[in-house]
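A.B. asks: Given next are the chains, with one letter for each unit.
Number of protein chains: 2
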Amino acid sequence: MKLGIDIGGTKTAAVAIGADGELSDLVSLPTGFGAPEVVSTALQVVSRMSELAGVHVSSFSSIGIGIPGAVDSSTGRVEHAVNLGLEGLDLGPRLSDELGVIVRIENDVKAAALGAHHLLGVADGITAHSMAYLNLGTGLAAGIVLDGELLRGGHGVAGEIGHIPVDPAGVVCGCGQRGCLETLASGSAIARMWPTEHPLPARELFDLAAAGDARALEVREHFLRGAASAVRLLALTTDVDDIVIGGGLAALGEPLLLGIRRILNEWAGKSPFLASTDLAERVQVIPFGFPAAAVGAALVGEPSWQNS
Amino acid sequence: MKLGIDIGGTKTAAVAIGADGELSDLVSLPTGFGAPEVVSTALQVVSRMSELAGVHVSSFSSIGIGIPGAVDSSTGRVEHAVNLGLEGLDLGPRLSDELGVIVRIENDVKAAALGAHHLLGVADGITAHSMAYLNLGTGLAAGIVLDGELLRGGHGVAGEIGHIPVDPAGVVCGCGQRGCLETLASGSAIARMWPTEHPLPARELFDLAAAGDARALEVREHFLRGAASAVRLLALTTDVDDIVIGGGLAALGEPLLLGIRRILNEWAGKSPFLASTDLAERVQVIPFGFPAAAVGAALVGEPSWQNS
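If you're matching them up, the sequences are chains A and B in order. Sequential numbering from 1 applies to the first sequence in the working numbering. Sequential numbering from 309 applies to the second sequence in the working numbering.
Any given hint could turn out to be false.
Chain B residues, not near chain A, derived (Cβ > 12 Å throughout) [what the hints assert, rightly or not]: (1) Leu334; (2) Ser358; (3) Arg500.
On the chain A side, residues computed to face chain B include the following (Cβ under 8 Å) [unchecked claim]: (4) Ser24; (5) Gly34; (6) His155; (7) Ile161; (8) Val171; (9) Ser271; (10) Thr277; (11) Glu281.
Simulated from the structure, these hints should not be mistaken for laboratory data. Backbone N, C-alpha and C fix where the C-beta goes; we use that ideal spot for every residue, glycine too.
Produce the entire structure from the sequences given, and follow the hints as far as they go.
C.D. replies: Here it is, written out as structure tokens:
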């Protein structure tokens with residue numbers, strides 16, 4: 001049985017995958033802030049999972065963790081996880097020592113890409129899809145899986161398409177550049193373009209747009225064009241078969257998917273080249289509630305520091 | 309001995325690679341127009357190479373061909389090679405039958421990517437680079453090699469970054485979209501922005517800009533920003549180690565490379581995120597005269613239609 005843990009800014013969620021591929025119930029705890037608390041939350045969630053499964057921790061054949069920030073999966077170190085209060089932490093070796101089980105660490109978006117890839121494989125029985133996972137959360141980033149293998153890159157920026165500028169006249173991004181994809185299609189973009197007291201700004205935006213509010217329609221269109229641009233960019237660079245949208249904004253569901261498809265079809269109507277790529281048919285939104293990062297974390301490969 | 313052939317719009321060039329990796333002299337013939345003439349030119353160049361090497365054609369362990377257009381390397385068929393007068397031709401099977409030797413077909417930019425990858429490997433002894441080859445010719449396209457393997461994609465558009473829009477206020481592209489990378493950094497972009505009777509418009513543009521001509525400086529800057537944008541896009545999507553610029557415009561050499569590096573450094577100065585990617589150090593221009601597409605064609609993998 002493999003254990004996958006998704007350490008997020010507010011909660012730490014875990015799921016077990018049996019030898020038959022079956023998923024256990026999801027266990028979730030609030031994430032502590034700072035290195036000792038993050039480690040302690042992870043240990044608690046492992047302990048809870050072993051109780052629920054009625055097995056000792058050592059019965060987990062492996063434990064994988066998805067976490068935001070700059071992750072070196074070969075050393076198990078995570079850096080710059082600002083929302084978790086982590087400047088630098090050797091999380092993999094630390095948890096491995098505590099638990100006596102291999103603990104693998106991966107960036108949360110890359111882990112979620114593996115989780116989405118797993119879901120595609122379960123759906124159609126093909127285990128070596130080429131696909132991109134487009135994460136629309138507070139920021140925008142992608143995880144790319146080619147023939148079943150996660151593209152890690154050599155400089156920590158594989159899939160960092162959120163910081164590719166697509167409009168020289170756009171607003172300045174937090175990264176210092178102008179008109180980045182993240183300034184168009186992300187939670188932070190919606191917060192900027194649609195200031196509100198509503199607890200779910202994107203939901204309010206889409207609801208009001210659906211009701212015909214002119215300003216909401218305009219902002220939603222800007223957002224959808226950004227998301228569709230990200231889909232097009234991923235397809236014309238990597239030519240993956242599927243682009244699966246996940247992240248917090250994926251909870252928008254059908255209206256998000258239909259909006260992106262409408263724009264891709266509009267573009268295809270003006271460009272025979274783009275029409276030939278069937279983009280609208282290659283994009284989908286991950287099913288609501290599927291714990292992609294936790295499932296993917298359980299599936300990340302063996303790190304080299306375990307072999308040394 | 310492997311034989312590689314680059315079928316271009318004006319000439320067909322061939323090179324042989326010995327078992328020790330050594331390259332033969334390049335042989336070049338004018339390319340005929342239309343299917344029978346393209347086939348006949350290819351057969352002539354093979355015959356010339358076998359004479360020069362003093363061996364029978366059957367002594368070539370394989371023959372590879374790089375050719376523009378939509379190439380299905382698994383069937384050896386090429387389509388839409390407009391500049392060659394080819395609507396559709398089963399070039400691989402046809403030449404294999406004529407020559408009695410396996411003939412592999414690949415898109416010319418993808419073949420050149422393999423050639424550039426080979427050159428990097430010769431330079432530093434590493435044979436599994438992750439790199440992108442950015443072709444600045446009449447159009448703009450890339451070939452991506454990950455851990456030594458060419459990224460082919462499932463829909464024929466891997467590396468087709470020339471048709472990713474990066475400016476909503478840009479000019480309309482031949483593909484029907486607006487502000488595509490190809491409208492900024494390609495031979496066709498220079499032809500539009502710098503109308504001239506000079507036989508080498510890009511050379512004239514760069515020479516006049518170097519001499520301080522205000523209009524030339526402006527157009528060159530526009531072009532260089534487009535090329536630097538393509539480099540950034542490739543790096544932030546695939547995170548390859550090296551981006552090697554080739555194609556006809558690579559003949560501009562040092563002024564092209566230094567111009568692109570200057571802009572990447574300027575951007576890095578405004579963005580700590582971009583600065584962390586060391587982009588300026590990862591870009592290079594292929595050495596003048598290196599026959600990347602012919603060398604790469606000799607190295608393309610075995611097609612599946614040979615095994616059936």
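A.B. asks: Now, for every hint given, state plainly whether the structure supports it.
C.D. replies: Structure-based check of each hint:
no. : hint   : result
1   : Leu334 : 31 Å, holds
2   : Ser358 : 36 Å, holds
3   : Arg500 : 18 Å, holds
4   : Ser24  : 33 Å, violated
5   : Gly34  : 24 Å, violated
6   : His155 : 5 Å, holds
7   : Ile161 : 6 Å, holds
8   : Val171 : 13 Å, violated
9   : Ser271 : 3 Å, holds
10  : Thr277 : 6 Å, holds
11  : Glu281 : 11 Å, violated
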